[in-house]
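A.B. asks: Residue numbers (the working numbering), protein chains in the order written: chain A, 1 to 104; chain B, 1 to 469.
Each hint should be verified, as a subset may be incorrect.
Partial chain B-side listing against chain A, Cβ under 7 Å, derived [as the list claims (entries may be wrong)]:
| id | residue |
| --- | --- |
| 1 | Asn142 |
| 2 | Phe170 |
| 3 | Tyr176 |
Covered stretches of chain B, as calculated for chain A (at least 3 residues, CB under 8 Å) [what the hints assert, rightly or not]:
| id | stretch |
| --- | --- |
| 4 | 116-128 |
| 5 | 177-188 |
| 6 | 219-232 |
What the hints contain is simulated information worked out from the structure, not anything from laboratory work. Where is the CB? At the ideal position from N, CA and C, for every residue including glycine.
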Amino acid sequence: MNEIGLTHILVISTSLFFIGVYGFLTRRNMITMLMAVELILNSVNINFVAFNKFLYPDKLDGVFFIIFNIAIAAAEAAVAIAIIINLYRSHKSIDISDADEMKY
Amino acid sequence: MNFDFFILMKSELSLLLIIFLLLFLKIWDGIKNPITLLHLTNVLLLINFLFGFILNSHGELFNGMFSTNSSLALEKNILNFGVLIISLQSFDWLKTHKHLLEYYVLLLSTLLGMFYMISSGNFLMFYLGLELASIPLAALVNFDLEKRKSSEAAMKMILSSAFASGVMLFGISILYGTTGSLTFSEMPGLITGRTLQLAALIFIFSGFAFKLSAVPFHFWTADVYEGAPVSVTSFLSVISKAAMVFVFISILMPLFVGNLHLFYIILLVTIVLTILIGNLFAIRQSNIKRFLAFSSIAQVGYVLLGLSAGNSMGVSASIYFLIVYLFSNLAAFGVISLVSVHSGKENIDDYKGFYKTNPVLSWAITIALFSLAGIPPTAGFFGKLFLVTAGASKGNFALIAFAALNMVVSLYYYLRIVKAIFVDVNEDPIPKLKGSLSLNLGLLLCFIGIVITGFTSGLYQYIAQAFNF
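Chain A with its partners taken away, still in its complex shape (with noise of 0.2 Å):
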């Protein structure tokens, strides 16, 4: 019982995914936040990998999926923090509840 197998990667992966849920309905900065959709797009890659190597050993396509999910997620962190930063500029906050002109 020493070996580390496919369900701790994947008990792992998944508290990874529910945590970061729980950051963006919880958290109000919006960095924060960011942060926490990153956690979900990291725990989507651990499971991509761990299929990957202990089901589908002779298969690649996990890993290229990762690493254009990588690149995709740097692009869209880049767009956001830039929406964030002109945010910025006219809120002088990023805290999302500073951010609540249109509301129901």
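Please build the complex by placing chain B on the supplied structure of chain A, with the hints as guidance.
C.D. replies: This is chain B only, laid out in the frame that chain A set:
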């Protein structure tokens, strides 16, 4: 030398060519006159649209990563046409804007992403297309850089869209774990209905529902629509939604073939919530863009109702409805864009007495709203009729009755705007507006579309033939 590559990917390549041309024009900085640039872009988009009709073939590229056929080419061309109308209608807004070429580069990149998403044969390709379609869109929402509402809307859009794609990706990763494949053509045989696969499908469906702004995932819609510039709002509400429905048809429906009953129940709940919440919230809106946001949420509910039939009739009814919706919604947004650019007014109350000063525009927006509400003989009536007929083929008449009753509710709030325009008196109505030739041309195209598709049946038969698989 093999020309297959160029022929199969021609709609993407022609779009890419336009993007690079505009980018070079920006760097070169030779044409200073924005009017010339706008006309040039519109002509390029028109050529792109006409080019979409010829040289369509079917086949696969890159080991099945990219596939195309005549019905996908038709879907892409619908989007091309929508972008052409939006481009014509943004003329008045862009002619004084100093970043107009960036606007087009971002807009067309988004469209390119949608094309790859529609043609994808693999989850990797689909995800890349999806992100190419949503990241530049967030930048577009923020295009009025100095407006507070615009940046707030863009922030809401990028954060929630990143979250939604994260959730969808988690589903894809579980699906990969249980099937060992990411290719769509291999999927249906590998999905056996194991619990983990059902969880994965629900995750993926949530991502789709978010992008479609179906109800439990609609919270971003109204804020983003209100904050974005009007042209971007019309793009969001028509093109981006239509592209997502096309992908829904070609990707998500085949995935659920093994679990049709579960899929039907999920769709049922989504449809009921979407139509109900969309309608109820549309009643209480005072901003016209917010109002159209909720009305578009309700319309998506009807599209899903047609798709829930799960047969080729439902698919062709949805595509037909999307074309009608494109015409009607773009006509409404064309008028709103003109009013918003020239007077800055976006509230429903500001439209009181609009008929006194602008009779032609009043009729244009009225016909568009009638078509959205589904009053005969406008095209919207037939669009909804076909959708409901297709939905009825499942035999769930309670759902059909619910949808029909909600159409009556929707009539109330569409007529509220018509009443404000024609009946209500206003001390300070919107002054007489004169739009540019391009904008009027865009409105005219929408008007012809609404009337022609309402009076002739040729379009529906053409679509039914193209999607009879």
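A.B. asks: With reference to the structure, classify each hint as holding or not holding.
C.D. replies: Results for each hint:
1. Because the smallest distance between the Cβ of Asn142(B) and any Cβ of chain A comes to about 6 Å, under 7 Å, the interface hint for this residue holds.
2. Given the 7 Å rule on beta carbons, the hint for Phe170(B) holds: about 5 Å separates it from the nearest Cβ of chain A.
3. Hint status for Tyr176(B): holds, given a least beta-carbon distance of 6 Å to chain A, under 7 Å.
4. Using a Cβ-Cβ cut-off of 8 Å, 4 residues of the stretch 116-128 of chain B lie near chain A, which meets the minimum of three, so the contact claim holds.
5. Counting residues of the stretch 177-188 of chain B whose CB falls under 8 Å from any CB of chain A gives 4; the rule of at least 3 is met.
6. Closer than 8 Å: that is the beta-carbon criterion, and the stretch 219-232 of chain B has 4 residues meeting it against chain A, so the requirement of 3 holds.
This entry satisfies every hint, going by the numbered hints stated previously.
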